[in-house]
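Q: Residues per chain, in single letters:
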Amino acid sequence: MEIFVQLLVNGLIAGGTYALAAVGYSMVYGALKFINFAHGSIAMVGAYLAFVLTVLGNVPLVPAFLCSMVLTAGVGVMVERVAYRPLRRAPKLASLTTAIAVSFVLDAAVMIIMGADIRTFNLTGLGSYQIGPVYITPVQGAIVVTSLVFMVGLYWLLTRTKLGKAIRAVADGISLAEVSGINTNLIISAVFAIGSALAAASGALIGMDTNLQPTMGFIITVKAFAAVVLGGLGNVWGAVVGAFLIGVVENTGVWFIPPVWKDSIAYGILILALFLRPSGIFGKKEEAQVTVL
Amino acid sequence: MKYRTFALWIILSLVVALAAQYVAPAPLAAESPGLSAAATPTAEAAEKPQVYKVGFISHLTGDAAVYGQSMKMGTELAVETINAAGGINGVPVEVIYEDDRLSAADAQTAFLKLAEVDKVPVILGSASSTISLSLCPKAQEKKVVQVSQVSTAPALKDCGKYFFSVMASDTAQGPEWVKVAEYLGVKEAAVMYINNDYGIGVKDTFVQAFEAAGGKLLIVQPFELGGKDFRTEILKVKGTNPKVVFIVDHVAEASIIFKQAAELGLKTQWVTDVSIVSPEVPQLAGADAVEGMMGLRAGSTQTPEYQAFREAFVNKFGKEPTIWADFAYDAMMLVAKAIEKGGYTADGIQQALFEVAETYIGPSGAKKFDEYGISQGSYEWVVVKNGEWVLYEKTEQTEETEKTE
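Chain order of the listed sequences is C and E.
Every position in the first sequence, counted from 1, becomes a number in our numbering once 18 is added.
Every position in the second sequence, counted from 1, becomes a number in our numbering once 52 is added.
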């Protein structure tokens, strides 16, 4: 029994990192209706920026973490400006292919600059705490807290601010938003900035928990994608629920079945969910149009 | 319309890129479809080329880049040594490095490029047993000698006459672990293994030998290559309260496992396979997490050959030799000696390799090949002390490394 409490906690920790990545993924889909396969690579860039600042630049961890989010937001905006905007009116397949290319470019760039070696934040000295039957490390505590804080922040941003309103308007219908006087280019840049910043947070936290590799982006993309589709494409809160669901089921599932199936678990739930609810858990059934909220 | 122009541009640039690839070796590429692979190397050897090209395929990027990059450095050092001494009969050696990203498909592409375009009679690599196994049928078919530096899966002995490995087969590692278990006096142990050809090979030989010696296995837990979160797997092992856990893994996954195991409060005596005995592991996992961990190291760091190699490596790269750089060095040295003796043809190299390996002793030890072209090896026991792998001081037995057959 005690072991299952630990498994549940581990699942929530994994879910927290997936959730941060999935939210940005989902927001971009909501605004542009295209699947940004470079999202995981952007998370990886964020992780490396945090690494460079802390380990090589000797910046304290928390400021470095926040700085990397800001810098990665810039990277995200730049990627959108250079790679996606020229193709915005092209068929979605073109953007999709471009996104895959962007992920290769980012992975290769980091590999050339930083090398293919595995890097570490060296946070092991922090040890771990035992709370009842559960072991948790400070980094893992930070993962859960950070993802909750950012989720609440995002909720506030999307529902209570003008920017949030504009983002939702763009997600509802980009042409309609444009005729209402919204600067859609600016809003889409903002979506990429927020999504990339959250991806950076996710990448940096994963990096602190499990070390860094230039190839780490791919698995983040895969998990975030599963969470987003499970939650209902474009639905931010659905993505959060999907992420935690996948994290928990993966971690408890491996207890019963061989780990070779671990990544299949995420997709197993996904397929099952899509059979029962083709538009995802929170996707609207009737409408083809998906919304951010 | 705009779209069509864009598409045309893409197609045009692809065509240019393809053309560019074949411009240089155009005459060779043109005749390659009808070419009998055996004929080429002989023809080239006759006129003594400007440079002896040797192919190299390994994981230079991707999850296992730690090994590929390390072996590239070992190979570079060997090439530098050979060329500084005047090359092979005055002809310098050049290694063409190709990346397989730990993917069998990429390895095939790299191999075809080396065999068809560069026309090398010999390639070094790959590191991973899985990749080497995927390459060896092609190497037999195209008659290219394949010298793997560190592939050790038992299945490799059936590869054919053009395959060589300079590291001993895994059938030796399992029994060595049993010796560690006997030395530690444990009758019950847990095993964790990475689910690929290498991991399964080591696990199987150990399980067999350990049970034959009367040992009891508490749990045999697999885990996946490329994983990041092994907490559930670790908890399952922890649930059996093992005094000793034998683990066969790669650097990337192992460092995460040791870190997460320490975080989850698994206190045990770890004993690792040869792939984990790398200076990166204590750095990546955290020195506290792996303090006191035992492991097997292929070859010996105590020989004069290794000491000389170590010094040369530090001079060239400014750091201690990384994992298996010594094996990569020896593979290149053996190939150079074989070219010198047998000529720059696949068959010449294939025959000469057996002869030159008879007497060769390099930093990774003696490299004599058995009938399958696989070197015999020995292991030394190492332990992590203050975050570094050092020689394990056995209290009762001698410190000599045991010869394994």
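The set of hints was computed from the structure by calculation and includes no laboratory data.
Note that beta-carbon positions come from the ideal geometry of N, C-alpha and C, so glycine has one too.
Among the hints, erroneous ones may be present.
Computed beta-carbon distance windows for the label pairs [what the hints assert, rightly or not]: (1) Ala127/C with Lys239/E: 51 to 57 Å; (2) Asp170/E with Tyr285/C: 38 to 44 Å; (3) Ile413/E with Ser282/C: 45 to 51 Å; (4) Lys190/E with Thr270/C: 38 to 44 Å; (5) Tyr235/E with Phe293/C: 54 to 60 Å; (6) Ile148/E with Glu20/C: 52 to 58 Å; (7) Phe22/C with Lys446/E: 53 to 59 Å; (8) Lys295/E with Phe274/C: 24 to 30 Å; (9) Gly266/E with Leu74/C: 21 to 27 Å; (10) Thr161/E with Ala127/C: 20 to 26 Å; (11) Thr161/E with Ser198/C: 48 to 54 Å; (12) Pro151/C with Gly212/E: 38 to 44 Å; (13) Leu236/E with Asn140/C: 26 to 32 Å.
Part of the chain C face toward chain E, derived, beta carbon under 8 Å [as the list claims (entries may be wrong)]: (14) Val73; (15) Glu196; (16) Ser198.
Q: Evaluate each hint against the coordinates.
A: Consistency of the hints with the structure:
Evaluation of the 51 to 57 Å hint for Ala127/C and Lys239/E yields a pass: the beta carbon distance comes to about 53 Å. Checked against the hint of 38 to 44 Å, the C-beta distance between Asp170/E and Tyr285/C comes to roughly 41 Å, which is consistent with it. Checking the proposed 45 to 51 Å range against Ile413/E and Ser282/C shows it holds: the Cβ atoms sit about 48 Å from each other. Restraint check, Lys190/E to Thr270/C: a C-beta distance of roughly 43 Å satisfies the suggested window 38 to 44 Å.
Distance hint check: the CB atoms of Tyr235/E and Phe293/C are about 55 Å apart, consistent with the given range 54 to 60 Å. In this structure the supplied range 52 to 58 Å holds for Ile148/E paired with Glu20/C, their Cβ-Cβ distance being about 56 Å. For the hinted restraint 53 to 59 Å between Phe22/C and Lys446/E, the CB-CB distance of approximately 42 Å leaves it violated. For the pair Lys295/E and Phe274/C, the beta carbons lie near 26 Å from each other, so the given range of 24 to 30 Å is met.
At roughly 52 Å, the beta carbons of Gly266/E and Leu74/C sit outside the given window of 21 to 27 Å. A hinted range of 20 to 26 Å holds for the C-beta pair Thr161/E and Ala127/C, which are about 22 Å apart. At roughly 52 Å, the beta-carbon separation of Thr161/E and Ser198/C lies within the given 48 to 54 Å, and the hint holds. Checking the proposed 38 to 44 Å range against Pro151/C and Gly212/E shows it is violated: the Cβ atoms sit about 55 Å from each other.
The hinted range of 26 to 32 Å is satisfied by Leu236/E and Asn140/C, whose Cβ atoms lie roughly 30 Å apart. With a cut of 8 Å, the hint placing Val73/C at the interface with chain E is violated, because the nearest CB-to-CB distance is about 11 Å. Interface restraint check: Glu196/C against chain E, minimum CB-CB distance 20 Å, threshold 8 Å, status violated. Violation of the interface hint for Ser198/C is found here, the shortest Cβ-Cβ separation to chain E being roughly 27 Å, above the 8 Å cut-off.
Of the numbered hints stated above, those contradicted by the structure are hints 7, 9, 12, 14, 15, 16, listed in ascending order.
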